[in-house]
Amino acid sequence: WLDDELSESEIDFICGTYKMFTAGAVPQRESWWPRPNAWEGSGLNVGYWSETCEEWYQRRLAEIRSSQG
Numbered sequence: 826w827l828d829d830e831l832s833e834s835e836i837d838f839i840c841g842t843y844k845m846f847t848a849g850a851v852p853q854r855e856s857w858w859p860r861p862n863a864w865e866g867s868g869l870n871v872g873y874w875s876e877t878c879e880e881w882y883q884r885r886l887a888e889i890r891s892s893q894g
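Residue numbers (my numbering): 826 to 894.
Hints in this document: simulated from the structure, not taken from any laboratory. Check before you lean on any hint, since a few could be wrong.
Stated by the list, open to error - Simulated restraints on C-beta separations: (1) 876 / 844: 31 to 37 Å; (2) 852 / 829: 19 to 25 Å; (3) 856 / 828: 18 to 24 Å.
Glycine included, C-beta positions come from ideal geometry on N, C-alpha and C.
Construct the entire structure; sequences and hints are all you get.
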């Protein structure tokens with residue numbers, strides 16, 4: 826039996842999702858990489874991995890590596 830969709834925990838793992846504890850009572854969910862719903866609405870989701878997508882990816886990776894992400 827194969828499942829065509831990722832589970833929520835698999836998406837969390839791939840996107841690097843974590844909880845950010847702030848002054849509020851409920852922790853915020855943050856992620857290193859955009860979750861599917863954010864990616865779908867970003868304008869970069871054009872049906873294939875474009876040069877613009879690669880440029881965005883490389884910038885984001887550089888931010889993460891420099892501790893500014």
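Hint check results:
no.	hint	in the structure
1	876 / 844: 31 to 37 Å	holds (34 Å)
2	852 / 829: 19 to 25 Å	violated (31 Å)
3	856 / 828: 18 to 24 Å	holds (22 Å)
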